[in-house]
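A.B. asks: Residues 2 to 162 (my numbering) are what the sequence shown spells out, left to right.
Bear in mind the hints are in silico, worked out from the structure with no lab data behind them.
It should be emphasised that the depicted structure is a prediction, and the values quoted were computed from it without experimental measurement.
Beta carbons: idealized from backbone N, C-alpha and C, even for Gly.
Hints should not be assumed to be uniformly reliable.
Computed spacing ranges between beta-carbons, pair by pair [said to hold, decoys possible]:
#1 R83 - N153: 38 to 44 angstroms
#2 A62 - I10: 21 to 27 angstroms
#3 D6 - E111: 16 to 22 angstroms
#4 R83 - K119: 20 to 26 angstroms
#5 N135 - K36: 20 to 26 angstroms
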Amino acid sequence: IVSGDEAWIYCYEQENKRQSAVWPPKAIRSRSVSKTMVATFVSKAGHTATIPLNEQRTVTADWYTTICLPKVITELRKINPREDSSFTKTMQARTQPKKTRQYLTEENVELLYSPDLKEAVDAFKNAVLDLPANEWNKCFENWFERMQMCINLPGEYFEKQ
């Protein structure tokens, strides 16, 4: 099962040392230099694909069927070539354009429909509430370790260090 969604990524100009050393009198969010829409897909195996919308600002059926989904399906088949895929969440069958549904059918990808996610949301909330405090502490410790690694590697992204 693969889930995907779109989000805006905002880009900002980095402050120089002198600017960042001065504490601003008010917390004012600076204007972004640019923004890009990206579609991100995840599966049980983890991150599957992130595809930027280059040269356009709106997600369309043409973009999904000619650029986005072919890349996602290629990545999925690299991860597990023997397994069929199913899309869920934002890719609900009833809300997708005919062109997108046809493309997924041609690629043997099932489109799941989830009319009510309340039960799943409740189960998730219960699981999260049952986590002991030390598990949350581990989560934040790991997060801060990764942030420190990013700082140590001058902002370069890394997979295995």
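A.B. asks: Which numbered hints does this structure break?
C.D. replies: 4 and 5
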